[in-house]
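Asker: Residue strings, one per chain:
There are 2 protein chains.
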Amino acid sequence: MDELELIRQVTANLPTNDSVVVGAGDDCAALKGGKAGELLLFKTDAIVEGVHFTNDTPPEKIGRKALARCLSDIAAMAGTPTAAVVTAGLPKDFDPDHAIAISRGMNELAREHNVAIVGGETTTNPDRILVSVSLLGVVPEKQIALRSGARPGDAIFVTGELGGSLEGRHLDFEPRLEQARWLADRFRPNAMIDVSDGLASDLKHILEASGVGAELRSVSIPISRAARQAAAKSGNGNTPLNRALSDGEDFELLFTLPSKDAVPLLDGWKTQFPDLKLTCIGKTLAERGLRIRDDKTVRPIDIDGYIHFKKSE
Amino acid sequence: MDELELIRQVTANLPTNDSVVVGAGDDCAALKGGKAGELLLFKTDAIVEGVHFTNDTPPEKIGRKALARCLSDIAAMAGTPTAAVVTAGLPKDFDPDHAIAISRGMNELAREHNVAIVGGETTTNPDRILVSVSLLGVVPEKQIALRSGARPGDAIFVTGELGGSLEGRHLDFEPRLEQARWLADRFRPNAMIDVSDGLASDLKHILEASGVGAELRSVSIPISRAARQAAAKSGNGNTPLNRALSDGEDFELLFTLPSKDAVPLLDGWKTQFPDLKLTCIGKTLAERGLRIRDDKTVRPIDIDGYIHFKKSE
Numbered sequence: 006m007d008e009l010e011l012i013r014q015v016t017a018n019l020p021t022n023d024s025v026v027v028g029a030g031d032d033c034a035a036l037k038g039g040k041a042g043e044l045l046l047f048k049t050d051a052i053v054e055g056v057h058f059t060n061d062t063p064p065e066k067i068g069r070k071a072l073a074r075c076l077s078d079i080a081a082m083a084g085t086p087t088a089a090v091v092t093a094g095l096p097k098d099f100d101p102d103h104a105i106a107i108s109r110g111m112n113e114l115a116r117e118h119n120v121a122i123v124g125g126e127t128t129t130n131p132d133r134i135l136v137s138v139s140l141l142g143v144v145p146e147k148q149i150a151l152r153s154g155a156r157p158g159d160a161i162f163v164t165g166e167l168g169g170s171l172e173g174r175h176l177d178f179e180p181r182l183e184q185a186r187w188l189a190d191r192f193r194p195n196a197m198i199d200v201s202d203g204l205a206s207d208l209k210h211i212l213e214a215s216g217v218g219a220e221l222r223s224v225s226i227p228i229s230r231a232a233r234q235a236a237a238k239s240g241n242g243n244t245p246l247n248r249a250l251s252d253g254e255d256f257e258l259l260f261t262l263p264s265k266d267a268v269p270l271l272d273g274w275k276t277q278f279p280d281l282k283l284t285c286i287g288k289t290l291a292e293r294g295l296r297i298r299d300d301k302t303v304r305p306i307d308i309d310g311y312i313h314f315k316k317s318e
Numbered sequence: 006m007d008e009l010e011l012i013r014q015v016t017a018n019l020p021t022n023d024s025v026v027v028g029a030g031d032d033c034a035a036l037k038g039g040k041a042g043e044l045l046l047f048k049t050d051a052i053v054e055g056v057h058f059t060n061d062t063p064p065e066k067i068g069r070k071a072l073a074r075c076l077s078d079i080a081a082m083a084g085t086p087t088a089a090v091v092t093a094g095l096p097k098d099f100d101p102d103h104a105i106a107i108s109r110g111m112n113e114l115a116r117e118h119n120v121a122i123v124g125g126e127t128t129t130n131p132d133r134i135l136v137s138v139s140l141l142g143v144v145p146e147k148q149i150a151l152r153s154g155a156r157p158g159d160a161i162f163v164t165g166e167l168g169g170s171l172e173g174r175h176l177d178f179e180p181r182l183e184q185a186r187w188l189a190d191r192f193r194p195n196a197m198i199d200v201s202d203g204l205a206s207d208l209k210h211i212l213e214a215s216g217v218g219a220e221l222r223s224v225s226i227p228i229s230r231a232a233r234q235a236a237a238k239s240g241n242g243n244t245p246l247n248r249a250l251s252d253g254e255d256f257e258l259l260f261t262l263p264s265k266d267a268v269p270l271l272d273g274w275k276t277q278f279p280d281l282k283l284t285c286i287g288k289t290l291a292e293r294g295l296r297i298r299d300d301k302t303v304r305p306i307d308i309d310g311y312i313h314f315k316k317s318e
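Taken in order, these protein sequences are the chains called H and X.
Using my numbering, read the first sequence as starting at 6 and increasing by one per residue.
Using my numbering, read the second sequence as starting at 6 and increasing by one per residue.
Hints were generated in silico from the structure; no laboratory data involved.
Among the hints, a few may not be true.
Just so you know, same-sequence chains aren't split out, so a pair can sit in one copy or run between any two.
[Unchecked claim] Each computed DSSO-like pair below joins lysine-lysine, with the alpha-carbon atoms no more than 30 Å apart:
id: 1; residue 1: Lys37; residue 2: Lys147
id: 2; residue 1: Lys147; residue 2: Lys40
id: 3; residue 1: Lys238; residue 2: Lys147
id: 4; residue 1: Lys66; residue 2: Lys97
id: 5; residue 1: Lys97; residue 2: Lys275
id: 6; residue 1: Lys40; residue 2: Lys238
id: 7; residue 1: Lys37; residue 2: Lys265
id: 8; residue 1: Lys265; residue 2: Lys97
Please build the complete structure, drawing on both the sequences and the hints.
Answerer: So this is what it looks like as structure tokens:
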């Protein structure tokens, strides 16, 4: 049994109740029980040494990243974060000043976004650091952005530039909270997600949840400088484009909206966020599957974000 | 720097905002942002193999305990739990059926209390299992029970029988949610906590938060059979009474209320909960400190729950 099958079995029959509007499977859960007209958002996420950071990552950046990932999930629902609780698993002989620095990095980002940290605990975790954050947020009921709302013919947009995040940006990225709130106020995306697994994987989450397909334009994919550098350095034939499609941890917003809104959106965006790129990378289609078009051909993209070339090519 | 000092430093300057009514330091945080007249409760708690369970604990009981501890914290605020998210840190070659069984044990308890499980994730955690649960709840704003409300002259009550929980009960205990809601509806405790660190330690949390002292009566402390057996078995001079005062993980309710309510409470309780003991174990006093009285003497109880004997005794 692989991890996906395990998750499928564990999430197949979860307990639910009348408060649940969106359960496990979207970026956050959405619950009744908030103020009138609002939904509560609820999310948990953990980062582990050796997987999400290394043993020489500065401790402030560990704390920052643990919270930033959850903030990015609240952004993906077009919500506003409110309060967090934190669990830190620390080795027994862990330097207390290091733990305080982890907390300091998290607190600084929390203050930037007016998030309260209202509880937590440390437990002994031999061998490596684990930081788990659970975050609450709110969203106007009418503005919540799910993965499941894309319709055939939507324009597909992504913020920023993609790929190569593990070269450094994954420790410093800015959760796109302000941009997502602005979008939901003015343009109401049909579907939205944050790019954490990689553009192709996360777009597939939207497509599967919405029951549609999509075609991307290869020349339109915004490739980061880090993706180009990483591709040149590794020399394993993994192109910058493939990196932009498949690398994880970009934490940009990926969303779809009716194609008639595409031009007004791009105009409004340039005025509102002149320093952050927004790119239309393709369109959704009734025909299932994810494909990419260049000058001459249309090719499928596999689950890991790699483009399949025909044997004759 | 010891763990307490680390926690003091980390919690000294946490980010806060207008939503926070009770921050870190009580059984749960309490937040505005719920329905009119209600507060949201928010709690996180983690259990780790080798600390809170062993490598031969049945997996269903691991999942059950991880949630039950959080439910007990919601009970201590007189709240009703609503929704949980879960993080499981699992070794790389972990048996998937074992993970499913952990989930099954948690789900069963969640259903008993109408709690939805709305998200979660598995991460790789070499060496040992870690299960972290974050739980939301609600409480009528006027009925919330904090640690800080005890007044001099309150009667002190505890449910159930104490001590020896690690002999087995810590895997099977029933969170006192129904009892706490009944109490808050009818008698409004001045202060409440769940007994997780041990009676003496947790009572001290109430006393310090409330700025009062207390005197217990040694003959009134409800000592469990497990505490007596553990005391007999260990043969280290640790009496059953000391075990009831100092053993952790009882997860009973400990609360204070005005002494005039003591007799009506005991009468009402017997009718409502005939199978669960409720005992008045002493009273709060204006003079600080925690003491215990037997036939002849009044002696202080130290932070770990041990009674100090004078050298001449």
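Asker: Against this structure, judge whether each hint is valid.
Answerer: For each hint, the structure was consulted:
no.: 1; hint: Lys37 with Lys147; result: both (13 Å within a copy, 21 Å between copies)
no.: 2; hint: Lys147 with Lys40; result: both (13 Å within a copy, 18 Å between copies)
no.: 3; hint: Lys238 with Lys147; result: neither (46 Å within a copy, 63 Å between copies)
no.: 4; hint: Lys66 with Lys97; result: both (21 Å within a copy, 26 Å between copies)
no.: 5; hint: Lys97 with Lys275; result: neither (50 Å within a copy, 46 Å between copies)
no.: 6; hint: Lys40 with Lys238; result: neither (52 Å within a copy, 55 Å between copies)
no.: 7; hint: Lys37 with Lys265; result: neither (32 Å within a copy, 40 Å between copies)
no.: 8; hint: Lys265 with Lys97; result: neither (58 Å within a copy, 48 Å between copies)
Consistency with the previously given hints fails for numbers 3, 5, 6, 7, 8, ordered from lowest to highest.
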